[in-house]
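Number of protein chains: 2
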Amino acid sequence: MKTVNIGLLGGGNIGCGVWTLLQDMRQDIQKRCHVDLRITKILVRDINEPRPCALPPELLTTNPHDVTRADNIQIVAEFLGGIQPAAMYMQDAMAHKKAVVTANKAALATEGASLRAAASANHVGLHYEASVCAAIPVIGAFKHSLQANRVTRIMGIINGTTNYILSEMAQHNKDYQQVLAEAQRLGLAEPDPSSDVQGRDAAYKLSILASLAFGGQVAVQHIYTEGITGVTPEDILCGKDRGYALKLLAIAKMGEHGVEARVHPALIPNNHPLAGVNGAFNAVHLTGHACGDMTFMGKGAGPMPTAGAVISDIINAAEALAHLYIEEESQEQALSMAEDWQSAYFIRILAEDEAGVAAVFAREGVSLASVEQSGEGTGGRVPLICTTRPASERAVRAALENLPPSACSVQSVIRVES
Amino acid sequence: MKTVNIGLLGGGNIGCGVWTLLQDMRQDIQKRCHVDLRITKILVRDINEPRPCALPPELLTTNPHDVTRADNIQIVAEFLGGIQPAAMYMQDAMAHKKAVVTANKAALATEGASLRAAASANHVGLHYEASVCAAIPVIGAFKHSLQANRVTRIMGIINGTTNYILSEMAQHNKDYQQVLAEAQRLGLAEPDPSSDVQGRDAAYKLSILASLAFGGQVAVQHIYTEGITGVTPEDILCGKDRGYALKLLAIAKMGEHGVEARVHPALIPNNHPLAGVNGAFNAVHLTGHACGDMTFMGKGAGPMPTAGAVISDIINAAEALAHLYIEEESQEQALSMAEDWQSAYFIRILAEDEAGVAAVFAREGVSLASVEQSGEGTGGRVPLICTTRPASERAVRAALENLPPSACSVQSVIRVES
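Read top to bottom, the protein sequences are chains A and B.
Residue numbers 1 to 418, in the working numbering, belong to the letters of the first sequence in order.
Residue numbers 1 to 418, in the working numbering, belong to the letters of the second sequence in order.
No lab work stands behind these hints, which were simulated from the structure alone.
Small disclaimer: the values here were computed from a predicted structure and weren't measured.
Treat the hints with care, since some could be wrong.
Simulated pairs of lysine-lysine, DSSO-like, Cα-Cα distance not exceeding 30 Å [what the hints assert, rightly or not]:
(1) B:Lys240 / A:Lys240
(2) A:Lys2 / B:Lys143
(3) B:Lys97 / A:Lys2
(4) B:Lys31 / B:Lys143
(5) B:Lys31 / A:Lys97
(6) A:Lys143 / B:Lys97
(7) A:Lys143 / B:Lys2
(8) A:Lys31 / B:Lys97
(9) B:Lys143 / A:Lys97
(10) A:Lys143 / A:Lys97
(11) A:Lys31 / B:Lys143
(12) A:Lys143 / B:Lys31
(13) B:Lys143 / A:Lys143
(14) B:Lys97 / A:Lys97
Could you build all of it, start to finish, from the sequences and the hints given here?
If you want it as structure tokens, here you go:
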């Protein structure tokens, strides 16, 4: 049987998960995949730091070159997090003819083009299933199962922290701040939650997914990104009463005017496959011209689900080593990005005058499907819920800007997706 | 660019789908996958038969050897349906060093071991994504994404015809016979629907999935199979009133006592990911020890979804041709099959005496969670709905056999899964 030596960059939660799962599954993998996988070196920040699991001290190093340049290592698996030095280490490993497996969405979303170019130039594999939605094999689906499809749309719940927060807010009618604090206590949100709650984490993942699905670069800085910090229990209730669930959605569409890519809170009908995805679960819904609609759902984070994806990629990389591995020439042309998109909107406004509001929307070409008064007015203003027909984002924004502040105030604007 | 020639076995719905989709996607595939795929020969039953699409007459043949033995063909794709002569033709193609792609669940479920052995002996690939749930890449997930998982359970809605029938019965409170006739008129059920409605089609697919998931042979004749022909609107309503959906489930579990594999109607709680899978959609829910719960959902049938999976497999086969393709030694030991399993049950009974019924169950060690009287009695008997606690199938059957026919009659027995 072939032996493949593996070096790990990172010995924290994911590194320990990979170590533990590989010890557990080593014999099964030998039997099923005819390869003996051995971890021979692990880069850590500090050898004496406490760790989630016991790692053999003789495997630990603080010198990255012991992993990226070791003659006896064939595959380097990286889970340092953050863009640098992770991307630099991966480049170094590929320059030294190692296949690279990574769980690092930030490095991949920002340095993906140069990492793929390095893989191609060095004829080594670059595998990144674990970088998006951990255990859910959505990268594998795009690479190996959907090649005969023109994917026209991706829509996903791809951040577990925000989905947990929104699910708790919806179920217990609680405030954002209150649920965030609870999630932090439970270890479900980071001490600094900004990357999750501001939508950046989801934008990284959407950039990776959309680039793969549409066959070109969808840069993270071109993704419109709006987080959940402004979502109120009233927004959620307002949707719920009308048969909708409020989710942080990551959406990418390939349309006539280019690619449209955005991350923002949105309402989806209760019978949509994503509406029932609650708690820390993730899901990706996609549409292909041959396959139609398809949904993948599962655990999008956690040491074990992530370790499972990393080891699967290590096995795929090891199988590829058996032949001369030639990474496809990477197709890194930037895709043209759409500057506008269509959506329906729920808009909650306190206004003196319903007709005046409707007139402003009409002037911008935004047609209202309904205007309801919800509850009692105060100070001469009444709370209105306006539902638009599908309208251009740009026109809706223009209308909102043109509402006279002397006569009304906008309380929330939420897109409706289906 | 490399050119790969493909021969098709079958020029009906799927064959025409593959032809059409490949013409549509040929340039995209050249660009993305660096391979030019050409269909050079198509086996048909009768050259002059009417067909769903126009196929170039010079490609058609009625001699299978023109496909399976042609020197210039590297990949043979089969969609004849039925076990023979399909399996024989695939054997012949592999003996002549062609990689084989198949959408044929019946051939694979019954002749899978010998087909995999032939692939291994001839060092050619055998690809069968399209044989289970068409576009949903569940075979690919088991092969290339879940290698670091011990899969403990598969639970699927893997027959679109029966799911359509049950969905319609549930939504419109209609009889099985009435909905079946409508489905036949709409082309959603075959003129002879027996393979679908008796659960045989689902059992074939479960055999393929479970064999792959558990790494050994789960023979179709060892799968307990019960169809939907006995399901009544009352059964569905009885579940609905209590928060359950009635589905034809295919279930395989790897437990202490071996593999348990069964296809039968079952109730699942409304918040289960499979409960909302309606109409002709398919879904597979699985549990792995590292990945946790995961669900794949999509179109499980139809010429285009199936053609997408076939062409994806053709591309994967073509990429494998670039190296010397060595199929893993197939692990065809038969797995030990469990002879009993646990489930909760909804049992509707007309009985003279509630206490007498409960006593019979108790004698067999089956504990009842609740007994409700539903509606008025007639002729000295009252309708009871008994819900058992999780109990052994064998014990429940023994109890049902021991109910005195003079004092009660069993109207329906439905397992509850979650």
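Quick rundown of the hints versus the structure:
For a cut-off of 30 Å, the pair hint linking Lys240 of chain B to Lys240 of chain A stands: about 22 Å separates their Cα positions. With a C-alpha separation of about 19 Å, the suggested pair Lys2 of chain A and Lys143 of chain B falls inside the 30 Å cut-off, and the hint holds. With a C-alpha separation of about 26 Å, the suggested pair Lys97 of chain B and Lys2 of chain A falls inside the 30 Å cut-off, and the hint holds. At roughly 26 Å between alpha-carbon atoms, Lys31 of chain B and Lys143 of chain B fall within 30 Å of each other, so this suggested pair holds.
Straight-line distance between C-alpha atoms of Lys31 of chain B and Lys97 of chain A comes to about 26 Å, which keeps the hinted pair within the 30 Å bound. For the hint pairing Lys143 of chain A with Lys97 of chain B, the CA-to-CA distance comes to about 26 Å; that is within 30 Å, so the pair holds. Simply put, Lys143 of chain A and Lys2 of chain B have alpha-carbon atoms about 19 Å apart, close enough for the 30 Å limit, and the pair holds. With a C-alpha separation of about 26 Å, the suggested pair Lys31 of chain A and Lys97 of chain B falls inside the 30 Å cut-off, and the hint holds.
A threshold of 30 Å between alpha carbons decides the hint, and for Lys143 of chain B with Lys97 of chain A the separation of about 26 Å falls inside it, so the pair holds. About 22 Å separates the Cα atoms of Lys143 of chain A and Lys97 of chain A, which keeps this hinted pair within 30 Å; it holds. Taking the CA atoms of Lys31 of chain A and Lys143 of chain B, the gap is near 14 Å; set against the 30 Å cutoff, the hint holds. With a C-alpha separation of about 14 Å, the suggested pair Lys143 of chain A and Lys31 of chain B falls inside the 30 Å cut-off, and the hint holds.
Proposed proximity of Lys143 of chain B and Lys143 of chain A is supported: the alpha carbons are some 14 Å apart, at most 30 Å. For the hint pairing Lys97 of chain B with Lys97 of chain A, the CA-to-CA distance comes to about 33 Å; that exceeds 30 Å, so the pair is violated.
Hint check: a violation occurs at hint 14 only; the rest are consistent with the structure.
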